[in-house]
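Number of protein chains: 2
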Amino acid sequence: MPRFKLIIAYDGKPFVGWQRQDNGLGVQEVIEGAIEAFSGEKVACYCAGRTDAGVHAYGQVAHFDLPGDWKHSRVRDALNAKIRPQPISIIAVEVVDENFHARFSATERHYEYHILNRRSPPALELGRVWWVPSTLDTSSMRDAAKMLQGKHDFSSFRAAGCQAQSPIKTLDELTVKKVGDCLIITARARSFLYHQVRNIVGTLSLVGLGKWTQENVIDALEACDRTRAGPTAPPEGLFLVGARY
Amino acid sequence: MPRFKLIIAYDGKPFVGWQRQDNGLGVQEVIEGAIEAFSGEKVACYCAGRTDAGVHAYGQVAHFDLPGDWKHSRVRDALNAKIRPQPISIIAVEVVDENFHARFSATERHYEYHILNRRSPPALELGRVWWVPSTLDTSSMRDAAKMLQGKHDFSSFRAAGCQAQSPIKTLDELTVKKVGDCLIITARARSFLYHQVRNIVGTLSLVGLGKWTQENVIDALEACDRTRAGPTAPPEGLFLVGARY
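Protein sequence lines, in the order shown, are assigned to chains A and B. What the first sequence shows, in the numbering used here, is residues 2 to 246, in sequence order. What the second sequence shows, in the numbering used here, is residues 2 to 246, in sequence order.
Since the hints were derived computationally from the structure, they do not count as laboratory data. Remember, it's a predicted structure, so these values are computed and weren't measured experimentally. Don't take every hint at face value.
Copies of the same chain are indistinguishable here, so a pair counts whether it falls within one copy or spans any two.
No farther apart than 30 Å at their CA atoms in a straight line, the calculated lysine-lysine pairs in the DSS-like style are these [stated by the list, open to error]:
1) Lys-179 with Lys-14
2) Lys-179 with Lys-6
3) Lys-83 with Lys-43
4) Lys-72 with Lys-212
5) Lys-14 with Lys-83
6) Lys-179 with Lys-72
7) Lys-83 with Lys-179
8) Lys-212 with Lys-152
9) Lys-170 with Lys-6
Please construct the entire structure, taking both the sequences and the accompanying hints into account.
Here you go:
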């Protein structure tokens with residue numbers, strides 16, 4: 002049966018997250034509904050990164066199997082037609098090998114976290130940034146981020162309910178750059194713990210505000226205890242940029 | 002009496018435009034209401050570019066006079082506090098000379114028009130772009146734009162109801178660049194006719210789609226007749242970037 006790979010962008014605001022849930026609409030539910038609407042088939046759609054409520058995606062990757070002989074461009078156009086008016090867009094569709102799995106074959110997930118760091122509130126950026134009105138010291142955040150790069154036990158940055166077997170992860174990149182009024186924190190790893198990026202960003206914000214030193218960050222990491230690290234940054238600043246295979 | 006200059010960003014979507022109107026909420030009304038809410042004064046606020054319903058601003062400029070001895074940073078913070086939760090942000094406030102006039106002193110207005118040019122609909126860009134799914138030829142649009150630069154009688158690009166005394170305007174810049182899936186059309190001039198940028202973009206889109214040649218654009222310009230040029234592009238792709246003094 003042909004397997005289709007999707008690249009998907011969405012505004013996370015109206016959704017309870019990627020996964021189907023009882024308390025609201027999931028992105029998965031919209032896409033599976035759209036597949037059924039054009040093909041008549043009930044199929045399951047698997048993704049690379051199960052984003053939380055309010056988290057956005059530029060390049061979520063997903064796959065599903067569909068019997069029949071559908072052209073990839075026809076699948077893309079039919080899905081987009083059925084998805085409207087939800088703010089989800091199927092950017093690209095291709096037919097892939099049956100060994101491809103959006104979740105298990107991924108070798109890297111790439112996230113960005115956007116902080117609007119200025120006295121004035123967001124206008125055009127509303128719902129797409131974490132607004133921090135107090136000045137953040139980018140340079141000390143950059144130094145703290147460097148210390149979290151690499152392979153560590155990230156238990157201190159792991160939310161309750163995390164389904165990962167091990168708290169040991171390798172952050173291939175954790176960098177902070179300033180673009181205008183915006184701080185962009187880039188995180189890349191084969192896989193992440195539940196809320197790991199948001200918990201890291203919340204911790205880095207304490208450093209940026211001058212409340213925490215680099216030492217505090219190292220202590221928090223070494224404690225392997227969630228209560229020792231910083232708060233969870235809000236979901237609206239987080240974007241799943243893409244996944245590699 | 003002190004005169005305050007504002008730099009304002011807004012998402013145009015919920016507003017009937019800059020100006021106060023009976024059929025909905027204007028940006029001007031929100032700001033004048035916020036001034037009254039913190040100072041108790043009923044004042045008039047004048048802007049550089051009276052944007053239409055749905056048009057956005059990164060850097061609208063406005064001014065108003067306020068009796069008393071208000072510090073500029075206090076005015077900024079008080080306005081932002083009273084404006085919430087509307088998607089309008091007062092980015093900067095300064096005290097200016099009483100000869101400064103946001104509308105009459107401006108020597109340049111700078112607009113950008115964003116077209117999302119891909120088969121897949123907007124998701125995160127929704128309400129911030131004109132979505133054109135058919136492929137646009139950027140190079141021929143760029144050439145056509147060059148021909149509209151400079152001083153011309155722009156009657157063919159002037160909407161009914163325009164209050165300008167003369168249809169002769171000088172476009173200091175009209176350029177087209179491609180950034181990813183997005184075409185960004187930049188227009189700079191001392192002043193513009195009513196709907197001039199959107200009418201130019203609508204005409205350039207005909208060139209991009211291959212429906213019009215460069216000749217057709219010159220003919221339309223020379224006809225000095227609105228019915229001879231292309232359609233009006235939708236408001237949601239237009240951004241007032243700033244004004245110079």
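Checked hints:
In this assembly of identical chains, the alpha carbons of Lys-179 and Lys-14 lie at most 30 Å apart whether taken from the same copy (25 Å) or from different copies (28 Å). Taking the closest pair of Cα atoms, Lys-179 and Lys-6 come within 30 Å of each other only across two copies (27 Å); inside a single copy the shortest separation is 34 Å, beyond that limit. For a Cα distance limit of 30 Å, the shortest separation of Lys-83 from Lys-43 inside one copy, 15 Å, qualifies, whereas the shortest one across copies, 50 Å, does not. Proximity of Lys-72 and Lys-212 under a CA criterion of 30 Å is satisfied inter-copy only: 29 Å between copies versus 56 Å inside one chain copy.
Taking identical chains as interchangeable, the C-alpha atoms of Lys-14 and Lys-83 lie at most 30 Å apart whether they share a chain (19 Å) or sit on different chains (24 Å). For the homomeric pair Lys-179 and Lys-72, the shortest alpha-carbon distance between copies (29 Å) is at most 30 Å, but the shortest distance inside one copy (43 Å) is not. For the identical chains of this complex, Lys-83 and Lys-179 are inter-copy neighbours only, at 29 Å across copies versus 38 Å inside a copy, given an alpha-carbon limit of 30 Å. For the homomeric pair Lys-212 and Lys-152, the shortest alpha-carbon distance inside one copy (26 Å) is at most 30 Å, but the shortest distance between copies (57 Å) is not.
Proximity of Lys-170 to Lys-6 under the C-alpha cut-off of 30 Å is restricted to the intra-copy arrangement: shortest distance 26 Å within a copy versus 51 Å between copies.
No hint from the list above goes unmet by this structure.
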